[in-house]
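First to last, the sequence lines map onto chains V and L.
Here the first sequence is numbered in our numbering, starting from 34 and rising by one per residue.
Here the second sequence is numbered in our numbering, starting from 16 and rising by one per residue.
For the record, the hints were derived by calculation from the structure and aren't laboratory data.
Given the structure is predicted, the values throughout are model-derived calculations rather than measurements.
Glycine is no exception: its CB is placed at the ideal position from the N, C-alpha and C atoms.
Selected chain L positions facing chain V (Cβ under 8 Å, derived; list incomplete):
#	residue
1	Ser184
2	Asp186
3	Leu187
4	Ser189
5	Ala190
6	Arg192
7	Ile193
8	Asp194
9	Gly195
10	Leu196
11	Leu205
12	Pro208
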Amino acid sequence: MGALTLSSVTKAFGKTEVIRGVDLTVNDGEFCVFVGPSGCGKSTLLRMIAGLEDVTSGDVAIDGERINELAPARREIAMVFQSYALYPHLTVRQNMSLALKQLGKPRAEIIAAADKAAGMLALEPLMDRRPSELSGGQRQRVAIGRAIVRTPKLFLFDEPLSNLDAALRVATRIEIARLHRELGATMIYVTHDQVEAMTLADKIVVLHAGRVEQVGHPMTLYNDPDNMFVAGFIGSPAMNFLKAGTLGLRSATVGVRPEHIEVSDRAGRIEGRVSHLEKLGGETLTYVQTEDHGMLTVRQFGEYDHPVDGTVWLSPDQSRAFHFDAAGQRMR
Amino acid sequence: MSTARHSPARSIAAHAVLIAYTIIALFPVFVIIVNSFKSRRAIFADPLALPTAETFDLVGYQTVLKQGDFLLYFQNSMIVTVGSLFLVLLFGAMAAFALSEYRFRGNSLMALYLALGIMIPIRLGTVAILQLMVASGLVNTLTALILVYTAQGLPLAVFILSEFMRGVSDDLKSAGRIDGLSEYTIFFRLVLPLVRPAMATVAVFTMIPIWNDLWFPLILAPSEATKTITLGSQVFIGQFVTNWNAVLAALGLAIVPVLVLYLIFSRQLIRGITAGAVK
Chain V
34 MGALTLSSVT
44 KAFGKTEVIR
54 GVDLTVNDGE
64 FCVFVGPSGC
74 GKSTLLRMIA
84 GLEDVTSGDV
94 AIDGERINEL
104 APARREIAMV
114 FQSYALYPHL
124 TVRQNMSLAL
134 KQLGKPRAEI
144 IAAADKAAGM
154 LALEPLMDRR
164 PSELSGGQRQ
174 RVAIGRAIVR
184 TPKLFLFDEP
194 LSNLDAALRV
204 ATRIEIARLH
214 RELGATMIYV
224 THDQVEAMTL
234 ADKIVVLHAG
244 RVEQVGHPMT
254 LYNDPDNMFV
264 AGFIGSPAMN
274 FLKAGTLGLR
284 SATVGVRPEH
294 IEVSDRAGRI
304 EGRVSHLEKL
314 GGETLTYVQT
324 EDHGMLTVRQ
334 FGEYDHPVDG
344 TVWLSPDQSR
354 AFHFDAAGQR
364 MR
Chain L
16 MSTARHSPAR
26 SIAAHAVLIA
36 YTIIALFPVF
46 VIIVNSFKSR
56 RAIFADPLAL
66 PTAETFDLVG
76 YQTVLKQGDF
86 LLYFQNSMIV
96 TVGSLFLVLL
106 FGAMAAFALS
116 EYRFRGNSLM
126 ALYLALGIMI
136 PIRLGTVAIL
146 QLMVASGLVN
156 TLTALILVYT
166 AQGLPLAVFI
176 LSEFMRGVSD
186 DLKSAGRIDG
196 LSEYTIFFRL
206 VLPLVRPAMA
216 TVAVFTMIPI
226 WNDLWFPLIL
236 APSEATKTIT
246 LGSQVFIGQF
256 VTNWNAVLAA
266 LGLAIVPVLV
276 LYLIFSRQLI
286 RGITAGAVK
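This is chain V alone, in the form it adopts within the complex (with noise of 0.2 Å):
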């Protein structure tokens, strides 16, 4: 069980306003992604849930009881950090189970617990090493062990894979992906990693300068954005966003994914200047600097080559645009 209701919850330090009235619900065994740029509150608001800052106002329940006041360590959670936060002087199995031992479980039971969860991480052959002998991807399975030791009714993330490097960040992402379904339980996780939340997530809740601008389905998000700041932030490389006018559309802005545009050497609706090419194998991206609508960015899967400062013409897909009012809003 572990369902988390966020009810107007905002949070305040002095008199900057970090969050501003967040409601939420993340159902039970839902692997929920909090993502938005740095500084858009996300880790603030997952500290919240863990009980880490106070709620200046509004509720924050679990399965449906109110948890405003209850202190980090009786709220049933467990939190995995970005810098893995072991405890420097235990050894790893100490380190799974300290929690449980602060809570007065038999000795039995809690090294059954950690041998379950050191078997679930393929963590055996470490459990008398300490944090400093262990490498940096070692040391976040241990630090994921010691969440899952706990059974908790909700699983927090704060950016875990932000300090592992690219092959090991894909490693770790399909092994939390693995044990989300194993255990079922409720994820909550926040990163600044769109690939990880698309990925990853059950439900994406897109935060953006400490509200919430949408919340989704990873696809949903993606087909469906509600106005630009979802469709810019989500997908990459980011959605062009066309000045509406120029192209005698009544909208203010329209929104084409890169993939969406076609290139050619001799005719189209844009006319423009191959700025940059980045050929990545699979598909080949084209930067082109044009005058009304800036620099646009072109996708093409497969390889192409484009002359650096030749001059090329753009159409976009109209059947495929989003097209946005003057705030921002989706126009449907």
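Fit chain L to the supplied structure of chain V, relying on the hints for placement.
Okay, now just chain L, sitting in the frame of chain V:
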């Protein structure tokens, strides 16, 4: 850049400056130790000469050790230094933790108030301190000295330690709170071991002025039972006749304990510095 930094000329210049400073700093100590092993006549005849078979004389050390009370003086100095050091480190670290960890009204004002003590010498308050000690009946006790030295050492300790404690990972403390550790456990088990190099620095800076102080022992605890080693050495300095052998021997002996304490802390210091560098 790196070749310039490693050029022999620069290296020699740097070493020359450092060696010159070392010689200047150690010269008085050297003179004290050399002369403490010489006869009285030899000290005056040629103060800079090394003791030879003829001039070698242990009379200074014999006088000091025969005086009998010297062990007591050492013990007093030790009690006062170690006691004050313990209190300064304990309370300094606690105050620093509170200032760096908790958000409360007046936090920065409190930090400023505590730092003020670094700028104002405690000796300015000697008269008031003496009145306080007389009123509370603590004159001629080691407690009086420990209290004064604790007050003297705290500002710098709080200042240095709070800077270091801000550097301790927030995540680690958060992890401790989620695992149900009390604030005391977080402080003693997680934070203190990580600021050990800073504690060693503070210990060295606090310890040496306390050990060497003559002022407060002379004013607050001049009785025979509470004399410290620096005050005890003064018995050999008379208005008309000074027993130089004994004074030099006493000072020579007084260096030893503080040197031992320093070596203990400095190892921590160096270990801390290298640990930080490779991490």
